[in-house]
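Asks: What follows is the residue order along each chain.
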Amino acid sequence: MATTAIEKRTVRPVCSIAEENDAVILQLEMPGVDKNSIELNIDGDTLSVTGRRPEAEGDRVYLVRERRSGDFRATYTIDQRVDREKVDAKMEHGILTVTLHLKDEVKPRRIEVKAN
Amino acid sequence: MNIVRRTRNGAWDPMGELERIRQEIDEMFDPSARRLFTEGLFERDFSPALDVVEHQDSFSVDVDLPGVDKKDLDISVANNVLTIKGEKRESTESKGKVYRKETWSGSFQRTISLPRGVDAGKIDARMRDGVLTVTLPKMEEAKPRQIAVSVK
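Chains as they are written, first to last, in the working numbering: chain A, 766 to 881; chain B, 15 to 166.
There's no promise every hint is true.
Said to hold, decoys possible - Listed next, the in silico DSSO-like pairs over lysine-lysine satisfying Cα-Cα at most 30 angstroms (straight line):
| # | chain 1 | residue 1 | chain 2 | residue 2 |
| --- | --- | --- | --- | --- |
| 1 | B | Lys166 | A | Lys800 |
| 2 | B | Lys99 | A | Lys800 |
| 3 | B | Lys115 | A | Lys855 |
If you are wondering where the hints come from, they were derived from the structure by calculation, not from laboratory data.
So that you can see chain B by itself, here it is in the shape it has in the complex:
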């Protein structure tokens, strides 16, 4: 990655650079404006957005995966690292005129270090309306315990 990028004819174009940086910052705030390039100031790739939420006795990971079939998903846990791999297929092979193309297809992978105390044997994953939810129950000893102390 170059901070100052040379144009094809070797000349430095400061106004063009400013415009490019402005566009990249716009894309950070509007994912729909994202171009399918992996070059530029900020690294980006085909990595789906996810949330990790802590509940009383479990953790859950929600991943936005619109258009991904559950049979194209591969979820594994090894050494306390959750790996979600998959492939997003092109939903319709368009032969006609394309007016706009913001959707992407291809393979993707995300890895998440799991918090301590996850019971790896009881992990459950389900797909609904294009959202993958992985539920990771906490081990008994990691659950918060409330101890009542009676005041005499």
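Chain A with its partners taken away, still in its complex shape:
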């Protein structure tokens, strides 16, 4: 993915995705992000998550610098099974947990075959 110089550099958060109890659960590690600076959008089949990190104030003299700077951003493609109206998000200890509930009709249904 190419980024232009004007565009601010973003980091894709480390994530885990699992499905259980009729929901898809996304866990994104976004250390240093306040819950109020998270944007979660669903546009059609695209779920996008942005987590803004506060800018470091003033000139900082780094003796060691390993942490990546920049905002977190991730986009995922979601299918029709996800109920757009039932999305929960929770931020705890720098981990954002997004619960995407699946629609009822996709739960397995047994169809009885009637004998004539």
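Could you slot chain B onto chain A? The hints should help.
Replies: Then chain B, alone, in the frame of chain A:
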């Protein structure tokens, strides 16, 4: 660690080796692509990333520790070495289908040699939004002093 790794049937596979090296270099630049292995060309383990910043009258150490509870952290200073130990627990024990797993859990440890002049008795540590910040104040004699010289 072997530079040339034998495949299981003993044959050397140069194209496979190139692919493996390419993948490892990719992982260096994209931590999210990192596999949870400790083998390969570059050593890696569960060691959280940190920054050490020098301020006017203190040093600060910022460590990315998402999902780590503060009660699972053990911070100590001995002989001018700061040790941060802890355990990252699995946040949800997933019983269902796993589509992707990039997060890790387990214990970790980092040690940092402190710069000279840290007042070990006044070290403060706090956890916020998954980032641990350890503040290490400088001793009075280590603080920069400005001496005004009047020109006559």
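Asks: Are lysine 115 of chain B and lysine 855 of chain A close enough, with their CA atoms no more than 30 angstroms apart?
Replies: Holds: lysine 115 of chain B and lysine 855 of chain A sit about 19 angstroms apart, inside 30 angstroms.
Asks: Just to be careful, I want the Cα atoms of lysine 99 of chain B and lysine 800 of chain A compared with a cutoff of 30 angstroms; is the pair within it?
Replies: 26 angstroms, holds
Asks: Lysine 166 of chain B and lysine 800 of chain A were given as a pair; does the straight-line alpha-carbon distance stay at or below 30 angstroms?
Replies: 58 angstroms, violated
Hint 1 from the list above is the single one not met by this structure.
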